[in-house]
Structure formats: structure tokens, C-alpha cells
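So you can see what is in the structure, the chains are spelled out below.
There are 4 protein chains.
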Amino acid sequence: MKKVVLAYSGGLDTSVAIKWLKEKYDCEVVAFCADLGEGKDLDYIKEKAVRIGAEKCYVADVKEEFIKDYAFKALKANALYEGVYPISTALSRPLIAKYLVEIAKKEGAFAVAHGCTGKGNDQVRFDLSVAALAPELKVIAPVREWTMSREGEIDYAAKNGIPVPVGKENPFSIDQNLWGRSIECGILEDPWVEPPEEAFEWTISPEKAPDEPAYVEITFEKGTPVAVDGKEMTPAELVANLNKIAGSHGFGRIDHVEDRLVGIKSREVYECPASLLLIEAHRHLESLTLPREVLHFKYIIEQKYAEIIYNGLWFSPLKKALDAFIEETQEVVSGTVRVKLYKGNATVVGRKSPHSLYDVKLATYAEGDLFDHKAAVGFIALWGLPTKVYAQVNKKEY
Amino acid sequence: MKKVVLAYSGGLDTSVAIKWLKEKYDCEVVAFCADLGEGKDLDYIKEKAVRIGAEKCYVADVKEEFIKDYAFKALKANALYEGVYPISTALSRPLIAKYLVEIAKKEGAFAVAHGCTGKGNDQVRFDLSVAALAPELKVIAPVREWTMSREGEIDYAAKNGIPVPVGKENPFSIDQNLWGRSIECGILEDPWVEPPEEAFEWTISPEKAPDEPAYVEITFEKGTPVAVDGKEMTPAELVANLNKIAGSHGFGRIDHVEDRLVGIKSREVYECPASLLLIEAHRHLESLTLPREVLHFKYIIEQKYAEIIYNGLWFSPLKKALDAFIEETQEVVSGTVRVKLYKGNATVVGRKSPHSLYDVKLATYAEGDLFDHKAAVGFIALWGLPTKVYAQVNKKEY
Amino acid sequence: MKKVVLAYSGGLDTSVAIKWLKEKYDCEVVAFCADLGEGKDLDYIKEKAVRIGAEKCYVADVKEEFIKDYAFKALKANALYEGVYPISTALSRPLIAKYLVEIAKKEGAFAVAHGCTGKGNDQVRFDLSVAALAPELKVIAPVREWTMSREGEIDYAAKNGIPVPVGKENPFSIDQNLWGRSIECGILEDPWVEPPEEAFEWTISPEKAPDEPAYVEITFEKGTPVAVDGKEMTPAELVANLNKIAGSHGFGRIDHVEDRLVGIKSREVYECPASLLLIEAHRHLESLTLPREVLHFKYIIEQKYAEIIYNGLWFSPLKKALDAFIEETQEVVSGTVRVKLYKGNATVVGRKSPHSLYDVKLATYAEGDLFDHKAAVGFIALWGLPTKVYAQVNKKEY
Amino acid sequence: MKKVVLAYSGGLDTSVAIKWLKEKYDCEVVAFCADLGEGKDLDYIKEKAVRIGAEKCYVADVKEEFIKDYAFKALKANALYEGVYPISTALSRPLIAKYLVEIAKKEGAFAVAHGCTGKGNDQVRFDLSVAALAPELKVIAPVREWTMSREGEIDYAAKNGIPVPVGKENPFSIDQNLWGRSIECGILEDPWVEPPEEAFEWTISPEKAPDEPAYVEITFEKGTPVAVDGKEMTPAELVANLNKIAGSHGFGRIDHVEDRLVGIKSREVYECPASLLLIEAHRHLESLTLPREVLHFKYIIEQKYAEIIYNGLWFSPLKKALDAFIEETQEVVSGTVRVKLYKGNATVVGRKSPHSLYDVKLATYAEGDLFDHKAAVGFIALWGLPTKVYAQVNKKEY
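Protein chains in written order, with UniProt numbering: chain A, 1 to 398; chain B, 1 to 398; chain C, 1 to 398; chain D, 1 to 398.
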């Protein structure tokens with residue numbers, strides 16, 4: 001019998017999808033569930049998938065792989081979509097797609113399936129990742145395909161013996177992994193309304209944060225964070241750790257009207273304590289160690305990087321080429337950054353590096369200044385020459 | 001007798017320069033002093049210039065002109081050099097240069113002069129602004145030219161009856177105007193050391209800021225802020241006002257290792273409560289009102305804009321062309337942004353506009369969704385087609 | 001009875017569409033046909049449309065409007081998609097769409113229609129132009145919608161008394177206007193095969209071009225060509241004229257594997273004698289009159305410009321903002337460019353301008369050199385300072 | 001005795017420099033002369049250097065190294081400064097500088113020297129290359145430093161027994177290597193005057209080129225040309241070969257008003273048959289094999305690449321990072337390009353590759369079309385959605 005491999009979360013949509021796929025495609029469903037740091041009970045989910053009708057359910061703790069091979073690459077790119085969002089959800093989709101494809105090959109499935117709707121960004125990321133890794137595989141998106149409303153889904157679940165979540169529904173739609181937590185829907189759909197406290201789980205409100213600041217020192221090796229306050233940690237440990245520290249000081253909230261690839265603006269709220277903190281620290285270390293020409297051109301690379309991953313092109317030759325650029329720049333991005341955390345603020349207050357290009361003997365205005373002040377005259381003469389010639393030729397009003 | 005027009009601040013360097021210019025160039029010195037919001041005593045400075053030997057001293061309160069014609073243009077460009085510095089000092093130099101040139105023409109001077117050293121950015125901004133406005137004028141930079149140390153200057157002043165500042169010297173070098181305050185030198189020259197509280201004047205430390213948050217609503221018309229909490233103000237009033245409010249909540253500090261045009265890195269500390277607050281608010285309003293294509297390409301424009309002004313090209317055809325681009329985009333950037341101020345944070349928590357492109361009927365996941373979910377299938381099929389074809393042709397490992 | 005306004009070319013597709021629209025939508029069809037320089041017989045086309053069943057047929061000679069308001073704006077941007085294609089067809093679609101919308105408003109139509117297929121770029125340009133100008137109008141694309149093959153269309157035409165073209169079919173698919181002629185299909189679909197001579201109509205083969213070169217001088221005013229060999233002409237006359245001259249010398253052929261917005265590569269052949277000639281001349285004049293900073297940043301603007309118009313965004317705020325940038329730069333782009341035409345080559349051999357920034361007294365290596373050679377020492381010292389500091393800090397292998 | 005290593009060409013400037021350096025710096029001079037394809041008589045030059053007073057003279061045939069490690073990297077970047085100049089001279093300077101540094105280290109020299117003037121680009125390239133490779137070495141530029149006119153040099157030579165070139169002086173200033181030949185000065189300094197035939201040596205005039213076209217097929221492996229007409233060649237052989245073939249058909253002349261780093265415009269004439277031909281062929285192969293997203297972003301990379309190398313940053317971290325990007329993209333750029341040469345034209349008329357992304361089954365308008373035409377409807381709906389929403393919200397006039 002033919003098979004479909006389904007990205008299974010344990011929630012209503014993908015639970016209904018197990019049954020729906022079997023009926024619609026007359027196939028067996030192999031479920032897959034990954035833990036990226038949401039704190040999932042993988043055993044329970046596995047058992048539930050099978051109970052509902054999946055032939056089997058693969059589970060995997062991919063936290064270390066996710067942070068090491070996905071999030072930390074984005075960190076080297078200081079990847080922030082539209083300057084604010086650390087693309088946490090966008091980074092997780094290609095990883096899950098990679099597992100879906102691997103399992104599909106192992107199981108001989110003809111298709112993979114995911115629970116995305118037709119209006120979000122995630123469908124694009126799944127569909128394109130699969131197209132890049134296994135263009136011969138079909139991708140099925142049951143929720144995009146069926147015409148059931150939420151009530152219809154609940155009816156369908158009831159009729160098919162699928163457990164329906166009881167009690168008060170979460171008023172928000174949530175996706176989370178170690179790199180960040182996204183919060184959508186409900187009251188947040190009005191961009192004039194301040195996000196209510198109950199939207200947040202990882203960050204305390206600045207008002208309730210400790211009255212004493214905390215300092216944290218992050219050590220980087222070639223662009224990768226390796227230690228906090230001198231203590232070495234694995235990638236996922238380090239991020240989990242910083243999520244806790246920074247979140248406990250009220251740092252990491254984002255409130256943004258965002259442009260989705262599918263052509264609409266949506267109001268997105270995020271909690272990203274560790275990722276925002278690490279990007280801020282990494283940027284300061286780059287300011288110290290990268291020459292101006294690299295730094296300024298890297299901004300262009302960074303913007304493109306965030307954009308294409310947001311748009312689903314993680315597995316693409318452009319992404320590989322941008323990575324090659326970025327990787328080359330990180331060779332000297334080693335050192336330590338000191339950050340002060342206090343009631344919602346994460347302020348870099350110190351940075352040092354064996355590769356520091358800051359040279360106090362050139363920069364100082366005190367004794368010991370080695371800078372050649374006379375050179376400036378010649379420099380400005382030539383740097384300003386086009387301006388001068390232009391002014392001589394064209395009597396322009398400003 | 002030939003004349004030089006000198007940008008005069010009242011401090012030691014430019015006071016010594018009055019005498020030095022007269023001797024060195026055998027000329028009369030006409031001084032000029034502008035108030036850009038530093039809270040200068042223009043009468044006192046005028047009297048001092050003449051007392052030291054200037055033939056006369058022009059003074060001008062240019063606060064409104066500065067904010068309206070310089071700072072608010074940069075605001076429309078969200079101009080932040082290296083992503084962090086609102087180019088406040090850089091914006092003031094061309095304005096002063098414009099006055100120097102006007103006075104030089106009126107007075108028939110052969111040259112203008114400024115008090116910049118040979119290693120900062122400001123010499124470039126003065127020299128290029130004058131070259132653009134009056135390429136026939138010579139520019140003299142006495143401090144860059146003479147070889148006196150600070151002690152030498154004090155001796156020279158003493159010998160020439162020039163008042164020398166007494167008492168403990170300010171350990172920092174300061175430049176300020178309504179758009180921001182820069183702090184350099186002293187202990188700040190070590191980028192690992194946290195800036196001490198005494199470096200700051202406009203911002204209280206977050207720890208000492210009020211325990212209650214404040215909300216402020218800023219209204220923009222075509223990209224220009226026109227009102228605070230519904231109260232209309234002139235440009236300079238509005239900025240002065242926001243400097244106070246935001247500074248009193250501990251917001252607006254910047255700590256940055258910066259790349260100067262003259263090829264060195266320097267550690268710069270700034271206080272920019274109003275400018276940072278306005279840029280943040282303006283950006284959020286743009287997210288709401290500008291289409292994605294404009295928004296994303298405008299990032300490239302913005303980076304270039306900040307860079308060329310930082311580098312002295314305010315009066316240049318490239319600046320004019322970038323302004324034309326930006327001005328065209330601002331037509332729809334009208335509306336109100338709500339910002340919460342609390343202990344160092346300025347968080348945008350609401351935004352609204354008659355030109356809002358956020359359409360709840362498209363974005364909502366609730367009933368009333370007008371988005372065509374089926375369209376996504378076709379969209380992704382074509383958006384992903386190059387990825388698919390590439391994967392079919394090239395068996396690439398990711 | 002409700003109405004549709006159809007972009008009518010007189011060919012088989014749109015002739016069939018008249019009948020098909022009436023049946024499918026139970027509506028009247030108002031036809032519109034524009035002459036953009038294809039040499040159409042508008043009277044005949046008008047009569048044909050009505051004969052087939054259109055309620056009426058508007059016709060318009062829009063050559064001057066097209067060149068002045070569309071092509072010459074693209075010229076100022078040196079707009080070449082992927083560096084080679086002067087977007088001639090892409091420029092014509094928004095103009096036609098504008099007329100469709102105007103007529104639809106006048107006639108009270110509920111929709112406009114065009115004859116594009118589902119795999120080209122033109123459907124995008126029509127659909128988006130209408131969406132921008134009149135978002136309330138429906139856009140119908142009969143050829144994209146119906147499922148008839150070419151044979152099916154011919155049957156349908158025969159049954160419905162629609163004249164069918166007789167004789168040998170053109171082996172290529174052609175679109176043309178004064179700015180260029182596109183040739184697709186047939187043997188051209190193999191990118192290894194050299195385009196055969198019969199594909200070309202506007203350009204003689206270089207081998208058959210005259211043995212004597214010709215020189216042509218083109219005069220620009222603020223970026224717009226106004227005269228050829230000193231003779232003033234209207235925009236459309238000038239372009240028609242240059243198409244003849246340059247084409248008769250074998251210049252203007254393009255052979256390109258192009259990336260369509262819909263995600264595929266296609267092999268495109270073009271003849272664009274006037275547009276390529278004008279862009280080449282215009283670029284040389286810009287090299288003479290624009291300062292380096294403007295010139296180099298304008299390349300980024302130009303690439304974006306060509307890309308968004310290719311992708312259908314003529315009527316868009318980004319296009320308006322790019323136009324504002326470009327227009328501002330053209331103020332000084334006046335002067336004359338001399339081009340030598342010879343057997344397929346158009347070589348700029350001279351350029352002059354009252355705004356020339358080329359200053360022989362600075363550039364010359366002969367006597368009279370005013371360039372300050374010593375300034376270079378200071379210039380290089382500072383321009384190279386980051387390189388030197390980087391090398392001192394990092395012992396890098398190259 | 002201390003030593004200086006001088007880049008020695010055998011011409012008047014560097015011959016005089018041997019003596020001048022010895023006197024001025026009281027040092028020994030070690031000469032170095034490289035053959036980059038100028039057809040130099042290295043034995044003669046070596047002997048001459050020693051005869052004039054050099055302690056010794058190193059010579060090296062670096063043609064293969066130059067093309068392989070410098071020119072072919074630039075080819076992968078399609079590097080054309082200001083869109084036209086293949087940076088041939090700019091590429092040679094860092095290579096020579098590398099040898100100067102190596103010899104300086106071996107000989108224990110305290111400085112290297114070159115014969116550049118103070119107003120060209122080459123001084124920058126030498127100075128920065130040395131700064132990057134050996135920041136501790138001093139760089140001396142005698143011609144920039146001394147104040148002799150050409151007549152002064154001739155006098156100096158006569159007095160010091162340095163051979164002076166006799167007979168009619170070349171009216172042009174020439175620099176050449178396998179990647180191109182630059183021609184400056186004399187009548188060329190008037191940008192309105194057509195370059196005279198005697199300026200050219202590598203290219204016949206199109207009028208005198210053969211009446212029969214020639215076809216040449218160039219095979220690339222991962223972006224590097226490896227064979228001509230199926231015949232494998234070493235890099236330098238291949239380029240020398242194409243210079244001959246293309247030059248003999250009148251192809252490869254460039255006439256350009258160029259922006260130098262030192263702030264002036266200069267009129268430059270070049271002959272670059274092989275480099276222009278290879279770049280054109282390489283671009284066409286990239287059009288066939290690179291996905292649109294890579295292709296379009298690579299334009300930005302390419303522009304930056306040409307610019308920074310033109311400006312002397314060959315040995316720089318930015319250059320290395322750009323190379324990493326480019327190298328990654330070239331993996332699939334293998335295949336063959338067919339070029340027709342005829343009287344000044346080099347026209348790509350065919351291209352094929354095992355990595356071709358052109359898929360006739362998607363592109364064809366004939367039977368066998370596999371493209372999903374219906375997908376376009378969904379695609380355009382979402383691609384055009386921002387345009388539509390913008391139009392609904394803002395009644396904008398176009």
C-alpha cells in the first residue's frame with residue numbers, strides 16, 4: 001500500500017489529517033514528530049499518532065542539530081527579517097522537511113504532508129524544501145486542501161474517534177522552538193492594541209523583572225557562541241540558558257507588522273530572548289573585528305539572507321553561496337561580549353577580541369596618538385575632488 | 001584687508017584660532033556661532049569672539065531650520081550609520097557650512113575656517129560642504145594645521161590674552177545638538193569598559209528612571225512628526241520635548257565601535273532619545289503603510305543615505321537623488337504610533353493609519369477571512385519552480 | 001447588458017475571444033486596439049472586431065505617448081533586464097492596460113480582458129496594471145482559461161464565422177513596438193541553435209550591411225534624446241528613425257536565455273536597434289556628466305528598475321520612487337554622443353557636454369596638469385589604513 | 001647595506017629610479033621584472049637593470065599564474081569596472097606586489113618601490129597590496145616623490161649614464177598583459193575625438209577584418225575555460241589564443257570615460273579581445289545554468305567585486321568573502337558556448353550544458369508543454385495582492 005509521511009504535531013489539524021489522508025489517498029500514514037525545544041512529550045505524541053491510525057510514528061530530538069546547523073548559521077548572518085524577526089519558525093521548517101524526506105525515502109513513500117494552511121509562510125518553506133531535496137516527491141497540505149472549518153474539523157474528529165482538545169482554547173496561535181516563539185491571532189490582529197501579558201510565556205514583563213541588573217558574558221569562536229560567563233555549553237544548552245536568563249529580565253519581545261511572502265501584512269508578536277541577545281552581541285563583536293568594507297557590504301548579504309530563508313529558500317544554491325560569503329568573514333569573529341540585562345534591556349557594555357581592529361594608539365585623542373593628521377588633508381582633497389569639480393561645472397542650488 | 005569666516009564655538013580651540021588666523025594669514029576674522037540646541041549663550045559667545053580679536057561675530061538660532069531641513073529628512077530615511085547612530089553631528093556640519101559660505105560671500109572673505117582636527121569625520125563634512133557650495137573658497141583648519149599640543153594652546157592663549165577654561169576639565173569630548181549628543185575620549189577609549197554614568201547628561205540611567213511606564217503617541221504627516229499626544233508642535237519643540245520625555249525614562253543611549261571615514265575604528269557613545277524614538281516610531285508606521293517591495297528596497301537606500309551623509313556628502317547630487325526617492329515614498333506615511341517608555345525601553349505597542357495596508361479581512365484566521373487559500377497552491381508551484389528544476393537537474397547535497 | 005473591454009490585436013486568439021467572452025460571460029464585448037509602432041491597419045482591425053461581434057472597437061495611435069512616457073523613462077534608467085533586454089514588450093503592457101481601464105470606466109464595464117497565455121510574463125503585467133489602476137475591475141484572460149488547442153481554436157473560429165489566417169503560418173511568435181521586436185518559438189526553442197535569418201525583420205545581417213560605416217550624433221536634454229545629427233524630432237520619430245539607421249547597419253540583435261517571472265527559463269531573441277543604441281549613448285553621456293558616487297549607486301537602481309517593470313510593477317509606488325531618483329540625476333545629462341555604425345557594431349566614439357565632469361587639466365599627463373600628486377600620499381594612507389591595521393592584527397594567508 | 005626591491009619595467013621611469021633610490025635612500029636596489037604577457041625580453045631587462053646599478057635583478061614568467069589565479073577569478077565574477085573595463089591592469093598589480101614582498105623578505109629589504117605616479121590607480125593597488133601582505137614594509141614611489149619633469153628625467157638619465165629611449169616617442173602611454181591592453185594620453189585626452197587606428201595593436205579595425213565570420217566554441221568547467229574548439233589549453237595559452245583569434249576579427253576595443261579612485265575622470269581606451277570574449281561567453285553559460293535568484297543577486301556581487309579590485313583591495317577579507325560566494329555558484333557553470341566573430345562583433349549564438357536549467361518541456365509553446373497554466377492564476381493573485389490592496393487603500397494617480 002502506498003504511503004505518506006506526515007509532519008505530526010499532536011494537535012487537532014494533523015490528527016485529523018492522519019485519518020483524512022488515509023481516506024482521501026487510500027494510503028498508509030507514517031507520522032514524524034520532532035522536538036525543537038517546544039518541550040514536547042514525544043512518547044505521548046507517538047502513541048497518539050498510532051492510536052489515531054498512523055502506521056507508525058518516528059520521533060526525534062533535533063534540538064542540537066537545529067541550533068548548530070540552522071540557527072547558528074543565521075546568527076552569523078545576523079538574520080532578522082525586516083530588521084526585527086530572527087526567522088525562528090522559518091529556520092525550523094527546512095529541518096523538519098529534511099527528516100520527512102529521509103523517512104519518505106526509507107519508507108518508500110510517494111508523498112510527504114504537512115499541516116500548514118494556504119495563507120501562511122510555512123507551506124512555502126515545506127513545499128520548497130521538499131522540492132529541493134526530493135523533487136520527485138509529492139507534497140500534500142491537507143488543511144490547505146480540505147474545506148472544513150474548525151467546527152467541521154471537530155465534527156470530523158468526533159465521528160472518527162480522534163481526541164478533541166477540551167476546555168478553553170488558547171486564544172492565540174503559537175509556534176515555538178529554541179530560537180523563538182511566535183504568537184498570532186485573536187486580539188493581536190488589531191495592530192493598534194498592545195499585546196496583552198497572557199500572550200507571553202518566555203519573557204516576564206519588564207515591570208516585573210528583577211530590580212537588579214545582571215551581566216552576562218558571551219564568548220564567540222569564529223562567529224559561533226561557545227560559552228556563557230566562561231562556561232562552555234553545547235549549542236542547544238547555551239540557547240536554552242540564555243532564553244531563561246534574558247527572558248527572566250524581560251528581554252526579547254517583538255511586536256511587528258510583517259510582510260508575508262503570500263502578499264499580505266500580518267501582525268506578529270514574538271518572544272526571542274536568546275536569539276535577539278546573541279545577534280546583538282555578535283554584531284558588536286563584528287563591529288570590533290571586521291573591517292569597514294566587509295561590515296558595510298555584509299549588511300546587504302544579511303538582508304538577502306533573512307529574506308530568502310523567510311521565503312523558503314533554505315535549501316537553495318543562493319543560500320549556499322551566501323553562507324560561503326558569511327563563513328569566510330567569521331574567521332576573525334572571536335572574542336567576548338559583555339551584556340547588561342535590566343528590565344527589558346539587553347545592552348552591550350563591553351567587547352574584546354584578539355582580532356580587535358580598534359587600535360587605541362590610532363583612535364586616542366590623548367598622548368601617544370599615532371594617527372597621521374596631515375594625511376587627512378590629502379585624503380579629503382581627493383575624496384572631495386568629484387564634489388568640487390561638480391560644483392565648478394554645475395551651479396546647483398541646494 | 002582679506003577676511004576669513006570662522007565657525008566659532010566659544011571654546012579654547014576656536015578662540016586660539018581667531019588669533020592664530022589673524023597672524024598666520026594676515027587677515028581679519030569674522031566669527032560665526034550657531035545654536036543647534038546645545039543651549040549656548042549666544043550673546044556671551046559673540047562678545048567673547050570680538051574681545052579676543054574677531055572683527056565681528058554673527059550668531060544664529062538655527063534650531064528649527066536644523067530639525068526641519070536636516071534632521072527630519074534623515075528621519076524619513078531612518079538614517080542610522082552602521083545601523084545604530086542617527087548621524088546627529090554629521091547632520092549639523094553642512095548647516096553650519098552653509099552659513100559660513102553665506103557670510104563669506106556677504107563679507108567678501110577668501111576663506112572659511114573650522115576647528116576640526118585631522119582625525120575626525122567633521123573636517124570632511126565641513127570641507128566637502130564648502131567645496132559643494134562655493135568651490136572657489138579656501139577652507140582652513142587651524143587645529144589640523146598647527147602643531148600645538150593642548151598645553152601649547154594654553155600657553156599661546158595665556159600669551160595672547162585669550163581666556164583659558166579653569167577648573168577640572170571635562171574628561172570627555174562632547175558635541176551636541178537637538179538630534180543627539182556624542183561623547184568621546186577618556187575612559188571611553190577602552191571598548192571593554194562600560195560607559196560611566198557621568199558621561200550622560202540627557203538620559204537618566206534606566207535604574208533611576210520612574211517605576212511607572214509612560215505612553216506617548218506620535219502623529220506623522222507624510223513621514224514628518226507633527227504632534228505628540230495630539231498636541232501640535234514645531235519641529236524643534238517636538239524634538240526637544242521628546243528628548244526630555246524619553247531621556248527621563250532612561251531611553252536613548254548608544255555604545256558603538258564605529259568606522260570613521262578616515263579609516264580608523266573609534267568607540268563612540270551617544271545620547272539620542274528623541275531621534276531614536278522617532279526613527280523607531282517612523283519605521284513601525286512604514287511597516288504598516290508601505291508595500292513590501294518599497295519597504296525592502298528602501299533598506300538599501302537608507303543604508304546608503306546614512307553612509308554618504310556620515311561621509312560628508314550632504315550637499316551632493318547623490319543625496320538629492322536619494323531624497324527624491326524617499327520623499328516619494330512618504331506620501332502615505334501618515335498616522336499615529338503609540339510608544340511605551342519604561343526604564344530604558346521605548347517599545348512601539350500600537351500603530352494606525354488611514355493608509356494602513358494591513359487588512360484584517362485578509363490576515364485574520366477567524367471568520368470573515370477573504371484570503372484565497374487555493375491561490376497559494378499556484379503561487380508556490382511557480383515560486384518554487386526554479387528550485388524544483390534545479391533539483392531535478394543537479395543532484396546537490398545540502 | 002454587462003460589458004467587457006478586450007485588448008484586441010486582430011489575430012486569431014483575440015478574435016476567438018470576442019465570441020467566447022460573449023458566450024461565456026453573457027456580455028457585450030468592447031474591443032480596443034492600440035498602435036505602438038507595429039504598423040497596424042487600425043481601420044481594418046476596427047472593422048474586423050465589429051464584424052466578428054464586438055459592440056464597438058476603439059483604436060488609438062499611442063506611439064508618441066508610448067515613447068515619451070514609457071520608453072524614455074526606461075531609457076533614463078538604462079533599463080535592461082538581466083543586462084540585455086530593453087523590456088520593450090514589458091513597457092507596452094501597462095500603457096494598453098491604462099487604456100483598457102479608461103474605456104472600461106467610460107463604458108461601465110465590469111471587466112477587462114487580454115489574450116495572454118498562462119505561461120508568459122504579459123499576463124502578469126496586464127493583471128497587475130489593472131489591479132493598480134482599478135482594483136475593482138475583474139481581469140479575464142480567455143486563452144489562459146479555455147482549454148482549446150490551436151486546432152480547437154481554428155475549429156471554433158470556423159464554426160463561428162471568424163476569419164482564420166490562411167497560408168503558411170509564421171514559424172515564430174512575434175510581439176513588436178517601436179522600442180523592440182521579440183521573437184520566440186519554433187527552432188529558437190533550442191538554445192544551441194543559431195537564430196536563422198528569417199527570424200529577423202528590422203535588422204539586416206551584419207554580413208549584408210553596408211561596407212561603409214555611418215556616424216550618427218544623438219543629442220540629449222536632461223536624459224531625453226531630442227535630436228539626431230542636429231535635427232530635432234518627436235520621440236516616436238526619433239526612435240523610428242534610429243531603428244531604420246541602426247537596423248540597416250545590422251545592429252540591434254539580442255539572443256538570450258531569460259528568466260521569466262513565472263519561474264521558467266526561455267530562449268528569447270530580440271531586435272532592438274534604436275533602444276540599444278540610445279541606451280549605449282545615454283550611458284556614455286552619464287559617464288561624462290554624473291559623479292562616480294551617483295553613477296555607481298545608479299547601477300543598483302537600474303537593475304531594480306528593469307526587474308520590477310519586467311515583473312509587472314509599472315504602476316506601483318516603488319516604480320514612482322525609482323523614477324524620482326532617476327529624474328533627479330538626469331538634470332545634468334545633456335550633451336551629444338557620436339556613434340559609429342558598422343556591420344553590427346554601434347560604437348560610441350565621442351561624447352561632449354556643457355556639464356562634462358571630465359577635466360583635462362586634472363586628467364592630463366601632459367603639461368598643464370593641475371592635479372595635486374602629493375595629495376595621493378595622504379589619500380592612500382587613510383584609504384589603506386583599515387587594510388594595514390587588519391594585516392597587523394591578523395596574519396592572514398592570501 | 002639596506003635594500004629596496006623595485007618593480008622594474010626597463011623603461012625610463014624605473015631606470016632612473018634605480019639610481020635615484022640608491023642616492024636618496026643610501027641603499028642597494030634589487031630589481032624585479034615579471035612577464036605577464038607583454039612579450040618582454042626578460043634577459044635584456046635583467047642585464048639593463050644591473051648595468052644601471054641594481055645589485056641584482058629577479059625575473060619571472062608569471063603568465064600562467066596570472067591568468068589562473070587572478071584573471072580567471074575575475075572572469076567567474078564577470079568583473080567589469082563600470083560595466084565595461086575587465087580590470088586587466090588592476091589584476092596585475094597585486095601579483096607583482098606579491099613577488100616584491102617575497103623578494104623583500106628573502107633579501108631582507110626594508111622597502112619596496114614602484115614606478116607609479118601620484119594620480120593613477122596603480123599606486124593604490126601597489127601600496128595596499130603591500131600593506132596587506134607585509135604591513136611592516138615601507139613603500140616608496142619615486143616618481144610620485146621626485147619633482148622631475150620628463151625633461152628633467154632625461155637630463156638626470158644622461159648625467160647618470162642611463163640609456164634614454166631615442167627616436168619618436170610613443171604618443172600613448174601603454175600598459176598591457178594577457179588580460180588586456182590599456183592606452184592613454186595624447187589625442188585620447190579629448191573624449192570627443194575618435195581613437196585613431198595607431199592606438200591599437202592587438203585588434204585589427206573591423207573594416208579590415210576578414211569578410212568571412214569565424215565560429216569559436218569555448219568549453220568551461222565550473223566557471224573556468226578549459227578548451228577552445230574542443231582543444232584543451234593551459235590558461236595562458238587559451239587566453240593568448242583567443243586574443244589572437246578575436247583580435248584578428250576586430251573584436252575587443254573599449255572606449256570609456258572612467259572614474260578613478262583618486263577622484264578624477266579620465267578617458268581610457270583598451271583592447272581586451274580575450275577577456276571580453278570570455279566574459280560574454282561565461283555570462284551566457286550562467287544564464288543557462290544559474291537559477292534566477294542566484295543570477296540576479298550575483299550582479300550585486302559582481303559590481304562590488306570589480307569595484308574593490310579596481311580600488312586596490314585584491315588582498316582583503318572582502319575580496320576573499322566575495323570569492324567564496326562566487327566559487328560556490330560556479331559548481332554548475334560547465335558547458336560549451338558558441339561564439340560568432342565577425343568584423344568587431346562577438347555574438348554568442350549557442351550554449352549547452354549538462355546543468356542546463358532551460359527545460360524545453362516547460363518553455364515550449366508547442367505540443368508537449370508540461371507547464372501548469374492554471375498555476376499562473378494563483379501566482380498572480382498573490383504576487384499582485386500588495387498592489388491591489390495598495391490601490392484599494394490609496395487612490396493614487398499614475
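Treat the hints as calculated values from the structure; they're not laboratory data.
The reader is advised that the hints may include incorrect statements.
Which copy is meant is left open, because identical chains are indistinguishable; a pair holds if it fits in one copy or across any two.
[As the list claims (entries may be wrong)] 25 Å max Cα-Cα, derived DSS-like pairs, lysine-lysine: (1) K361 x K395; (2) K340 x K105; (3) K374 x K19; (4) K340 x K208; (5) K340 x K24; (6) K395 x K105; (7) K395 x K320.
What you are looking at is a predicted structure, and each value in this text was computed from that prediction instead of being measured.
At most 25 Å between C-alpha atoms: does K374 with K19 qualify within a copy, between copies, both, or neither?
between (79 Å within a copy, 22 Å between copies)
Are the CA atoms of K395 and K105 at most 25 Å apart within a copy, between copies, both, or neither?
between (71 Å within a copy, 15 Å between copies)
For K340 vs K208, is the C-alpha pair at or below 25 Å within one copy, between two copies, both, or neither?
both (17 Å within a copy, 15 Å between copies)
Checking K395 and K320: alpha-carbon separation at most 25 Å within a copy, between copies, both or neither?
This pair counts as between: shortest inter-copy Cα distance 14 Å, intra-copy 49 Å.
Between K340 and K105, at a C-alpha cutoff of 25 Å, which is it: within one copy, between copies, both, or neither?
So K340 and K105 fail the 25 Å test inside a copy (48 Å) and across (47 Å) alike.
Up to 25 Å CA-CA - K24 versus K340, copy category:
neither (55 Å within a copy, 51 Å between copies)
Which holds for K361 with K395 at a C-alpha limit of 25 Å: within a copy, between copies, both or neither?
between (42 Å within a copy, 20 Å between copies)
The structure does not agree with the numbered hints 2 and 5 stated previously, though it agrees with the rest.
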